[in-house]
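Protein sequence lines, in the order shown, are assigned to chains A, B and C.
The first sequence maps to residues 1 to 211 in my numbering.
The second sequence maps to residues 1001 to 1099 in my numbering.
The third sequence maps to residues 2001 to 2537 in my numbering.
No lab work stands behind these hints: they were computed from the structure.
Treat each hint with caution, since some may be false.
Computed from the model, here is a short list of chain C residues facing chain A with C-beta under 8 Å [unchecked claim]:
no.	residue
1	I2170
2	T2211
3	V2213
4	L2226
5	F2227
6	G2230
We treat Cβ as the ideally placed atom computed from N, Cα and C, and that holds for glycine.
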Amino acid sequence: MTETSAHQEDMSWQRETSLLGVWVFLLTEVLFFGGLFTGYAVYRSGYPDIFSEASRHLNVLLGTVNTAVLLTSSLTMAFAVASAQEGKRRPLLIYLFLTIALGLVFLGIKSTEYHHKFVEKLIPGAHFSYSGLSTREVQLFFSFYFVMTGLHALHMIAGIGVLAVLAFLVWRKKLDPSRNALVEGTGLYWHFVDVVWIFLFPLFYLIGLRA
Amino acid sequence: MSSAAITKKTYVAVYAALMILVLVTVGVAYLDLGLLNVVAAMTIAFFKAILVALYFMHVRTSSRLVWVVAGAGVYWLVILLALTMSDFLTRAWITIPTF
Amino acid sequence: MTAAVEPKDNYLTAGFSLKSWLTTTDHKRIGVLYLLSITFFFLVGGLAAVLFRLELLTPPGDLVSADSYNKLFTLHGIVMVFLFLIPSVPAAFGNFLVPLMIGAKDLAFPKLNLASWYVFVLGGLFALWALLTGGVDTGWTFYTPYSSTYSNTYVSLMAIGIFIAGFSSIFTGLNFIVTIHKMRAPGLTWFRLPLFIWAHYATSLIIVLGTPVLAVAILLVGVERLFGIGIFNPAIGGDPLLFQHLFWFYSHPAVYIMILPSMGVVSEIVACFSRKRIFGYKFVAIASLAIAVYGFLVWGHHMFVSSQSVYAGLIFSFLSFFVAVPSAVKVFNWTATLYKGSIAFDTPMLYAFGFIGLFTIGGLTGLFLATLGLDVHVHDTYFVIAHFHYIMVGGAIMGYLGALHFWWPKMTGRMYTEGWSKFSALIIFIGFNLTFFPQFILGYLGMPRRYHAYSPEFQVYNVLSTAGASILGAGYVIPIIYLLWSLFRGKPAGPNPWGAKGLEWEKTSSPPPVHNFAEIPTVTEEAYNYSGTNEQG
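Start from the sequences, fold in the hints, and give me the full structure.
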C-alpha cells in the first residue's frame, strides 16, 4: 500500500463511505414513498369526507399499539448500534434479537388487521363490498391503505431478514461488528422504516375520529 | 461523526418523548378542529420524524454532507407534493357517473 | 513522439475466460459489459424504427396493421429510452471513466456496480420477453387508464422489466455520488474536477431522486392490472392524471439524465481539440447542478392539454422557460472556448460540433412547446417528435458517439481509421437532419403522431424523412465495422493520442492496468490546463 492511498483504507473512511451509501439509498426510499404520499394527498383533498368515513373501519387501538411496538423496536435498534460500536457482543445479540422480535410482533398485529379487512370484504377489487354513502371512492382509501402499509410491511420483512443474517454472523463470530458499519447502516434503514410508519399512522388511522 | 456522543440515557429520553407524542396525536385526533386536525397530525408526525432522525439516526452528530442528503429528501418531497397539488387544487374533479 | 506500445498487463489481458468477465468487479470491464449490452438494445430499437419508417413511406397503412404499428413505436420508445439512452453514457463511459478521472482505483462499491449490470440485463430480458410474446401498445409513456384498464397487451411484464431496470440505474447513480464525494485523489478539489465528473454527479442526483417515483408509478399500474387494486381508475373516482404527474416527475428530468452526461463529454472534447480551458469553467459546472435541480420543476409542460388545471399550466410554462438558462450558459461557454482556440477537426470534435448545433435547435424548439398557446397547436404532432429527437439523437447520441470516438483508444489501446470515422460522422449528421427536420414541418402542418396512416398531402416530407433514416442507419453501421476492425488491425494508441489533459490520459496507459494507476496520483493543477500555466479560479 502506497502512502497516498492509505487514506482510502482507513477504517473511519470506510465507515463514512458505507454510511453515505446507505443515506443516498434512503434518499431514493423517501421519494419512493413520496410518490405514494402524493397520491394519498391528491385523493384525500378530493374526497375528504369519504376518506374519514373509510378510516373508521380501521382499528385505532391496534394501530396505536403497533406504533408503540415499532418505536420500541427503534430504541432496541439504537441500543444494538451502540453495543456494536463498543464491541460488546452479548448485548448486541440480545438487542438484535429484541428488535427482530418486536418487528415480528408488528407484522403479526398487521396481519390480523388485514385478516379483518378480508373478512369484511374491504380489499379492493372484484370482491370488494361496502354499504355506505359512497361505495366507489371508499375503494380508493383502501387501495392506498393496502399498497402503502403493504409496501411498508415488505420493507419491515426485508429489514428483519438483514437483522437475522447479522445476528447469525455475530453469533458464529464471522463478523466483528465494531470493525465495520453493517449494524449502523442496517440501523439507519430500520429507523427510516419507522419514520414512514410515523406518517402512515395518523394519515390512515386517525382521520375519522373527530366527532 | 462520532455517534458515541449520544448516550443511552438520551435514547431513552427520546423514546419517552416519542411515546408521549403518540398519545398526544391520538388525543388531538378526537377533537374537532376542522382543517387544523390535519395540520396538527402532520406537525406532530414531523416532530417525531425529526427526533428519530436527529437522535436514533445520529444526524445530530453527523457530517454536513449527511445533513444535505437528509435535507434533499425533504426538499424534493415538497417539490413533488406542492407542484402536483398545484394542479389538483386549482381545477374541478372529473367524476364519472355510476353506471 | 516515440512509437506507441501497448502495455502487456492491462485490464483486458487480466483474464480471457467468460467467467473472468461475468464475475468481474473492475469498473472498466463493467463499463465494457454495459457498452456491449446497450449496443444490442440500440440495434433492437433501431430495427423497430426501420420498420415504421418504411410503413410511413406511403400514406395508407399498407405494410403493418395499426396494432403492429402501435407495438412498433412502443418498442422503439421503451427500448431506446430505458435500455439505451438512460444507461448509455453514464453506465458505459461513466463507469469506465469516473474512477480514472478522479484518480481512484475503482468505484466506492464495486460489487454493487456488477449487481447493477446484472439487474439491467434482467430488466432487459423481461422487456424482451414482453416484446417476443406479443408486445405492448401503450407507447413508452404507459398512460393510464389505457395501460391499467384497457390494453390487452403484455403491459405487466413490461412494467416489471422497467421497474427492475430502474434499480440498475439507481445503483449506478448511488455509486457515482458516493465515489465522487469520497474517492477523489489528493489535491483534486471540487473545482478542479473535469466537467465530465460534474455532469455525472448532477445526472446521478436526478437518477437517485427521480427513478423511485417512476418505480412507484409503474408499480401502481402493475398493482391495478394484476390485483384490481385501482388507484387511477376513474370508475371508482380515481384520476388518471395522477399517473402522468408521477410519470413525468421522473421522465422529464430523465431527459436530463440523457443529455447531461453528453454535455460532460462535449466539455471534455471541446477543451481538448481547441487546446483551451473551458471558458467560464465554474459556470458550466454549476449549470449542470442547476439543470439537475431545476429540471424537477417543469414536468407539467407535458400535460398542458391533458386536462391539467390552467393555473398549474401557467406555473409550469413559466418555470420551463427558466430551465433554458443553464443550458444556454453551457452552449455559449463552449462557443466562447472555441474563440481563438487552436481547433483540430478530429472525429470526436465533429460529434461535439454536431451536438452543439443540434442541441441548440432541439432546445429552442422546446421553448415553443413550453409556450401554453403554441403547445395547443403542435401538441401530439410530429413537431414534438422532431423536437425530442433533436435532443435525444442530435444531443445525447452525438455525445455518446463523441465519447465512443474520444475514449476508444483509451478503452482498447487501438486507433480507428481516421477517414472512415470522419466520413461516418458526416453521414450521421446529414442523415439525422434529413430524417427529423421535415418532421418539424409535418408537425407544424398538423400531422399527428402515433398513426400508421396519414393523408396524402404529407407524403413528400415523409419520403424525405424515411430517406434520411436510411442514410442515418448506414451511418450507424459504419462505426461498428471500423471500430471492430481497429481491435485487430488498429495502430496502438499510446497513453495519450490526443495530447489531452486529465488523469485518465496523463497518468495511466491505454488500456489502463487493472488497478488504474501505478500509484494514486496527486493533483496540483486546474482541469484543462492546456496553456501550461497554473492559474487559479
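| request: Return the status of the interface hint for G2230/C: holds when the least beta-carbon distance to chain A is below 8 Å, violated otherwise. | output: 6 Å, holds
| request: Please verify that hint: V2213/C, Cβ, nearest Cβ of chain A, below 8 Å or not. | output: Holds - the Cβ of V2213/C comes within 8 Å of chain A, reaching about 4 Å at its closest.
| said: Less than 8 Å between beta-carbons is the criterion; does F2227/C satisfy it with respect to chain A? | reply: 6 Å, holds
| Does the CB of L2226/C sit less than 8 Å away from some CB of chain A? | Where the cut-off is 8 Å and the nearest Cβ of chain A is about 10 Å from L2226/C, the hint is violated.
| message | Does T2211/C hold up as a contact with chain A if the rule is Cβ-Cβ below 8 Å? | response | Holds: closest Cβ of chain A sits about 7 Å from T2211/C, inside 8 Å.
| message | Let's test the interface hint: is any C-beta of chain A closer than 8 Å to that of I2170/C? | response | Holds: closest Cβ of chain A sits about 6 Å from I2170/C, inside 8 Å.
Figure legend: structure checked against the earlier numbered hints; the only hint not met is number 4.
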